[in-house]
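2 protein chains.
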Amino acid sequence: KGFGKYGPAKGLPEFRTKLAEFANKNFDGNVNSENVMVTPGARFGVFLAITTLLNSGDEIIVIEPAWPAYRQCAINAGIKVRSVKTTLENKWEPNVDEILSCINNNTKMIVLNYPNNPTGKILPRKLQDQIIEIAKKYELYILSDEIYSNYSNAEWNSILSYDYEKSIVTQSFSKSHSMTGYRIGYLISNQKIIDRLTKLQALCLTNVSEPIQYTAMKSLDDNVKNNGKIVKERLTKLEEICKEMELEFVKPDGSMYIFARTKNSINTSELSEELLNYGVAIAPGIGFGDYNEFFRISACSDIKTLIEGMDILKTSL
Amino acid sequence: KGFGKYGPAKGLPEFRTKLAEFANKNFDGNVNSENVMVTPGARFGVFLAITTLLNSGDEIIVIEPAWPAYRQCAINAGIKVRSVKTTLENKWEPNVDEILSCINNNTKMIVLNYPNNPTGKILPRKLQDQIIEIAKKYELYILSDEIYSNYSNAEWNSILSYDYEKSIVTQSFSKSHSMTGYRIGYLISNQKIIDRLTKLQALCLTNVSEPIQYTAMKSLDDNVKNNGKIVKERLTKLEEICKEMELEFVKPDGSMYIFARTKNSINTSELSEELLNYGVAIAPGIGFGDYNEFFRISACSDIKTLIEGMDILKTSL
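Residue numbers (my numbering), protein chains in the order written: chain D, -15 to 301; chain Y, -15 to 301.
Simulated from the structure, these hints should not be mistaken for lab results. Certain hints may be false.
Pulled from the structure, derived: some chain D residues nowhere near chain Y, Cβ distances all over 10 angstroms [to be verified]:
no.: 1; residue: PRO(-3)
no.: 2; residue: GLU77
no.: 3; residue: SER142
no.: 4; residue: MET201
no.: 5; residue: LYS235
no.: 6; residue: ASP274
no.: 7; residue: SER282
Straight-line Cα separation of at most 27 angstroms, DSS-like style, residue types lysine-lysine; simulated pairs [as the list claims (entries may be wrong)]:
no.: 8; chain 1: Y; residue 1: LYS227; chain 2: D; residue 2: LYS183
no.: 9; chain 1: Y; residue 1: LYS64; chain 2: Y; residue 2: LYS150
no.: 10; chain 1: D; residue 1: LYS202; chain 2: D; residue 2: LYS216
no.: 11; chain 1: Y; residue 1: LYS298; chain 2: Y; residue 2: LYS247
no.: 12; chain 1: Y; residue 1: LYS227; chain 2: Y; residue 2: LYS216
no.: 13; chain 1: D; residue 1: LYS110; chain 2: D; residue 2: LYS216
no.: 14; chain 1: Y; residue 1: LYS9; chain 2: Y; residue 2: LYS120
no.: 15; chain 1: Y; residue 1: LYS247; chain 2: D; residue 2: LYS183
no.: 16; chain 1: D; residue 1: LYS110; chain 2: D; residue 2: LYS235
no.: 17; chain 1: Y; residue 1: LYS9; chain 2: Y; residue 2: LYS227
no.: 18; chain 1: D; residue 1: LYS183; chain 2: Y; residue 2: LYS92
no.: 19; chain 1: Y; residue 1: LYS202; chain 2: D; residue 2: LYS202
no.: 20; chain 1: D; residue 1: LYS216; chain 2: D; residue 2: LYS235
no.: 21; chain 1: D; residue 1: LYS64; chain 2: Y; residue 2: LYS227
no.: 22; chain 1: Y; residue 1: LYS235; chain 2: Y; residue 2: LYS288
no.: 23; chain 1: D; residue 1: LYS64; chain 2: Y; residue 2: LYS64
no.: 24; chain 1: Y; residue 1: LYS92; chain 2: Y; residue 2: LYS110
no.: 25; chain 1: Y; residue 1: LYS247; chain 2: Y; residue 2: LYS216
For glycine and all other residues, C-beta sits at the position ideal for the given N, C-alpha and C.
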């Protein structure tokens, strides 16, 4: 198929056209192939956006708990992270005034990630609207990591639906198409931003592996709705068990996780290490910010395995 | 095959073990799997090495003409490039005193690239020894880009054969196994350096696409000697034509290129643009440093196509 040649840094044109169509259909976007760039996973998209659009000394707002990569990529580029902490008591909803109080002349970007990893939260429409208004008013980039959009069990609206020129959406085949090890994702933004990010991708990578691009392009035709249904069933079962165990958590609106704590707070880093000895992996809350008493349970295994894992967890608590 | 999961940032252990064996056999190395790291192409290896090991304000020595990525990656990271110019008159051999005169307290790395892109030069053993001695004396990193090692038509010694702890070798399946579009290469260095580079790779990429790693691992068993033979035949034919055309060049010792100029110097950037209209691609010398009068002819097509291309070039000169 001509994989022996260099390809365009933005990605295969045919693939980008299909991704734009997919985004317009599924994310209420209004984009064309020039707004799309193929990346080796959403993580590289996050790296490119933060590294290219911000400068050392700039500030970025991250709503926590959050996937660690946003903070890691910012620190790696000399960018200051301001975190807005959310709490279980407030249903993991950020306070608008708190966001406003973080903003100063150096603030250049806010990161959104809904459905959220690790809490499963989806923002209520009105709250999301308010945050977008703030971003527009202060001309902040919005980096919206939407890789769990195929796992939404409540009303979910892509940031693309706001048609804001300083928004950058990351997407990944890892979650929607269970292609984690393939490392393929994409970015959607306005053409100027995409062109800037493409320059760094060209410098680092030349292009994303083309056989993987073809594989992902083919998988776009697959019906992946069932993946969302399966994960929802597992989450429902997990919620049931968590309630029986009297864990504290907010029922997730989406993604693949339950972020929970026990009634008497424990050191979840030690707990997660102990559980590994029994073949059970949970993610301690410390990785997602200052949430040491929480841990993340993932719905990535089948229900039988999940029940076994939760039984082991129960005896360790 | 379990591609649906994240893999180790350094690369698949089985693949790294095979790469270490391959390096010991073919490059006179003395390494094990902990010295090897899989990257999405040699370019990302160059990016990782320069970005991770050097700091803004450090200096790097690049012997020119050179593949543009070394300079690009350095400038992207705020690193100052000192170029040591070589000339056709001196057979593209760098002057040792000139290298010495570039070195100051900020100098942290020297880039070597033999067999060279674009000149096809391989350094005489004694000159290479002298440069390694300088690097050792001043404790410079040596970034040795050896992706054309399978295309050596003269005695060639990998930097690995010197067993110097501050050397980093980049290799690529793009050239040796004609897998350019797959984007897969690897780095060989001491474990401390590999571990540092792995951290940035984990941050950027999580891991290199695993199906591509498997494909490359399988291709390690292929006999690729014939690729070298084919390119050598093409180069010999190209040399013949270049001589007939009275172009000035040094007979290449390896790689896939002839770097030539006309007797009366011309603007090769304009020439290359003009030739594109006729379907002929040459690379103007400006891309490789300040070599505007030179152009690079590539032996990547079959001999019939090369002859046709050279005929078109002749009428354009």
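Verification of the supplied hints:
1. PRO(-3): Per Cβ check, PRO(-3) of chain D is outside 10 angstroms of chain Y; nearest 14 angstroms; holds.
2. GLU77: 29 angstroms, holds
3. SER142: Label holds. Min Cβ-Cβ 24 angstroms, cutoff 10 angstroms.
4. MET201: Per Cβ check, MET201 of chain D is outside 10 angstroms of chain Y; nearest 14 angstroms; holds.
5. LYS235: 27 angstroms, holds
6. ASP274: The assertion about ASP274 of chain D holds, with a minimum of 21 angstroms to chain Y.
7. SER282: Holds, since 12 angstroms exceeds 10 angstroms.
8. Y:LYS227 <-> D:LYS183: 39 angstroms, violated
9. Y:LYS64 <-> Y:LYS150: 20 angstroms, holds
10. D:LYS202 <-> D:LYS216: This hinted pair holds, its Cα atoms lying about 25 angstroms apart.
11. Y:LYS298 <-> Y:LYS247: 13 angstroms, holds
12. Y:LYS227 <-> Y:LYS216: 16 angstroms, holds
13. D:LYS110 <-> D:LYS216: 25 angstroms, holds
14. Y:LYS9 <-> Y:LYS120: 25 angstroms, holds
15. Y:LYS247 <-> D:LYS183: 36 angstroms, violated
16. D:LYS110 <-> D:LYS235: 20 angstroms, holds
17. Y:LYS9 <-> Y:LYS227: 37 angstroms, violated
18. D:LYS183 <-> Y:LYS92: Given that 27 angstroms is the threshold and the Cα spacing comes to 26 angstroms, the pair holds.
19. Y:LYS202 <-> D:LYS202: 24 angstroms, holds
20. D:LYS216 <-> D:LYS235: 11 angstroms, holds
21. D:LYS64 <-> Y:LYS227: Outside the cut-off at roughly 59 angstroms; violated.
22. Y:LYS235 <-> Y:LYS288: The hint holds at about 21 angstroms.
23. D:LYS64 <-> Y:LYS64: 26 angstroms, holds
24. Y:LYS92 <-> Y:LYS110: Since the Cα atoms of LYS92 of chain Y and LYS110 of chain Y sit roughly 23 angstroms apart, the hinted pair holds (cutoff 27 angstroms).
25. Y:LYS247 <-> Y:LYS216: Between LYS247 of chain Y and LYS216 of chain Y the Cα gap is close to 25 angstroms, so the pair holds against 27 angstroms.
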